[in-house]
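*Asks:* We have chain A already, so just place chain B on it with the hints.
2 protein chains.
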Amino acid sequence: MTPVPPHLGILGGGQLAQMLSLAALPLGARVTVLEPDAQAPARLCAAHLHAPYTDRAGLEALAACDAVTLEFENVPGEALSALEGRVPVRPGRALLERSKHRAREKQALQAAGARTAPFVAIETGADLDGALGQVGGRGLLKTSELGYDGKGQARVSDEDGLRAAWQQMGRVPCVLEGLIDFEREVSLAVARGPGGRVAFGPLIENVHRDGILRTSVCLEGDPHEAQAREIAGRVTAAWDLEGLMTLEFFQLADGELLVNEVAPRVHNSGHLTQDGGGVSQFEAQVRAVLGLPLADWRPLLPCAMVNIIGVKDQEADWAGIDALAGTHLHLYHKGWRAGRKLGHVNLVAPDAATLRERLARLERLIP
Amino acid sequence: MTPVPPHLGILGGGQLAQMLSLAALPLGARVTVLEPDAQAPARLCAAHLHAPYTDRAGLEALAACDAVTLEFENVPGEALSALEGRVPVRPGRALLERSKHRAREKQALQAAGARTAPFVAIETGADLDGALGQVGGRGLLKTSELGYDGKGQARVSDEDGLRAAWQQMGRVPCVLEGLIDFEREVSLAVARGPGGRVAFGPLIENVHRDGILRTSVCLEGDPHEAQAREIAGRVTAAWDLEGLMTLEFFQLADGELLVNEVAPRVHNSGHLTQDGGGVSQFEAQVRAVLGLPLADWRPLLPCAMVNIIGVKDQEADWAGIDALAGTHLHLYHKGWRAGRKLGHVNLVAPDAATLRERLARLERLIP
Chain A
1 MTPVPPHLGI LGGGQLAQML SLAALPLGAR VTVLEPDAQA PARLCAAHLH APYTDRAGLE
61 ALAACDAVTL EFENVPGEAL SALEGRVPVR PGRALLERSK HRAREKQALQ AAGARTAPFV
121 AIETGADLDG ALGQVGGRGL LKTSELGYDG KGQARVSDED GLRAAWQQMG RVPCVLEGLI
181 DFEREVSLAV ARGPGGRVAF GPLIENVHRD GILRTSVCLE GDPHEAQARE IAGRVTAAWD
241 LEGLMTLEFF QLADGELLVN EVAPRVHNSG HLTQDGGGVS QFEAQVRAVL GLPLADWRPL
301 LPCAMVNIIG VKDQEADWAG IDALAGTHLH LYHKGWRAGR KLGHVNLVAP DAATLRERLA
361 RLERLIP
Chain B
1 MTPVPPHLGI LGGGQLAQML SLAALPLGAR VTVLEPDAQA PARLCAAHLH APYTDRAGLE
61 ALAACDAVTL EFENVPGEAL SALEGRVPVR PGRALLERSK HRAREKQALQ AAGARTAPFV
121 AIETGADLDG ALGQVGGRGL LKTSELGYDG KGQARVSDED GLRAAWQQMG RVPCVLEGLI
181 DFEREVSLAV ARGPGGRVAF GPLIENVHRD GILRTSVCLE GDPHEAQARE IAGRVTAAWD
241 LEGLMTLEFF QLADGELLVN EVAPRVHNSG HLTQDGGGVS QFEAQVRAVL GLPLADWRPL
301 LPCAMVNIIG VKDQEADWAG IDALAGTHLH LYHKGWRAGR KLGHVNLVAP DAATLRERLA
361 RLERLIP
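Residue numbers (the numbering used here), protein chains in the order written: chain A, 1 to 367; chain B, 1 to 367.
Note that these hints are calculated values from the structure, not bench results.
Do not take every clue at face value.
[What the hints assert, rightly or not] Output of the computed footprint for chain A on chain B, the stretches with three or more beta carbons under 8 angstroms from beta carbons of chain A:
1. 19 to 32
2. 285 to 294
3. 329 to 335
Even glycine gets a Cβ: it sits at the ideal position worked out from N, Cα and C.
Pulled out of the complex, with its shape left as it was, chain A reads as follows (with noise of 0.2 angstroms):
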């Protein structure tokens, strides 16, 4: 029907394959999502090849896609294998090999002239010999992959806590971050095509409870847009991303940008892209492995979102939230969890005070 290229493959089936397959749909593409998980959010509106990440005829399936992606960063290195020179993988393997692993991230972050947290890669027994003192004294130890949300992590501040906690996450390797006094943490992603062509999303503001995302904010004209942008630009650069990428930053006091981590992918945080008036981050990402012309894609709207962690049903008041002028529910058909993301609201609003207005009030309405 379009010179769309029809067929998108993706690794993974979660809410975010879910919410890339709903984007996808309506530009003209089918989706095909490759994952173990039977009750796979995705299964809903893609077809699922229901098996693991390196099945043989799955990973068939997707190199006979036109392009593929993925929703998040530990694809195991045989399933690209599989794929590489057969089927476009956006983004490819030399950036998600970069982005999965904590210590080569912030190497490659320095490398492409991006400031990062102090840090010092542990691999052995003998690296956490001063580690602490490199970093200022205080820092958290996070293994080196295959953490997220928290999980994987452990403050530390005197060199017996850090050697008990290295030896708790069984001594494989891990980065130690210095501890960051930071204003506020913010997020910007970054979709670029093949052709090199960028296209950035907003800034965003984040709000972290016990170590999960609770709440982002997006508002125009926030007066470190540009510098995140000018980061968000050179490192795409520099790691030649096809695809899109989500940077998180740390704010210092003095306006400065620390990335803190990189997410090769749709981001939790630019949820609320999906209701604001503009292009999604999903689309955005869409685009990009699709080949697909793409501008700037910032909301037109100030736009907000509350994400849904480990919510049962009696516990919130959903009514309520259908009842609130601007939100936008979206609930990813997962079973209940303690501490599960099961869906996010978002709100708009047609200004920034009855943005900030509505958002304490829809706040009060999900624990």
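*Replies:* Chain B only, in chain A's frame:
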């Protein structure tokens, strides 16, 4: 996961059912459509019962849903009988029997206090005598049932032409409508929950080409919105609507609105609500049918829509459409056919002047 009735049934699986399903999913609802076409657009994001609308097993499956709605008014009465009393069908049979029959519809509109064009119901040849005179000498002969997008219509300006046209239509029940000189065509949709709570959509200006909607525009502060809401509110209350209803109006030179047609469902003219920063007509119908709270749902941004009708790949500048700021492509995954609605492009802008300017450029990109 929420108290939302989780399972919505839809009679029909075309693009309207597809977009209803895309709107229902994030609300936490599963969707099942009953649709005889194997290639139905809704199959991509809903469970597809591939069977005739009167299929016993298919209707049993719909009867097991929490609520049933529809994407077209010509549902066989047999199907409605099989569902009645077993599952809420919204809108219900009485309203559908009215809105699927032009003569009954106009009588019911007038009974509800809404003005229409003058008309004469043609049941037998005798009804033709002097009918043209009663509607002002020039008229449109329309079949009472199954006409849409200008099909089943003939312009007549004399007795012989009228008789010939009726002959050609197979002497089926028809209405002869007086030709109206109107300033413009507008539409407005209203959602009404089981409790009778009404939520209005925006007033939309529509431009047709060859009897098919080509372009819709929605700007804030239309001076005729209040009148349209007043009429829509009166009709939906009198007809005891449950679900969503769209009214199409002729606006006369003196500003008065005559009701042209009524659709008991989402309507092509309301597609622009998908991307205007508010609740879409599709979400509005789903919320009303599932009994979820809903406030008025006019877009927060100036927005417009251009239909993609019988356009072949090479005939439209797809890259140009994606590259134009504020565009949102919506393709239905339907094969090409002359005059077939294959998709639409929504357009948003921060202000009305920018919208007009972008719309002029967009219309040049779509034949």
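*Asks:* Look at each hint and say if it fits the structure.
*Replies:* Hints, one by one, checked against the model:
no., hint, in the structure
1, 19 to 32, "holds (count 6)"
2, 285 to 294, "holds (count 4)"
3, 329 to 335, "holds (count 6)"
Hint compliance for this structure: no hint is broken.
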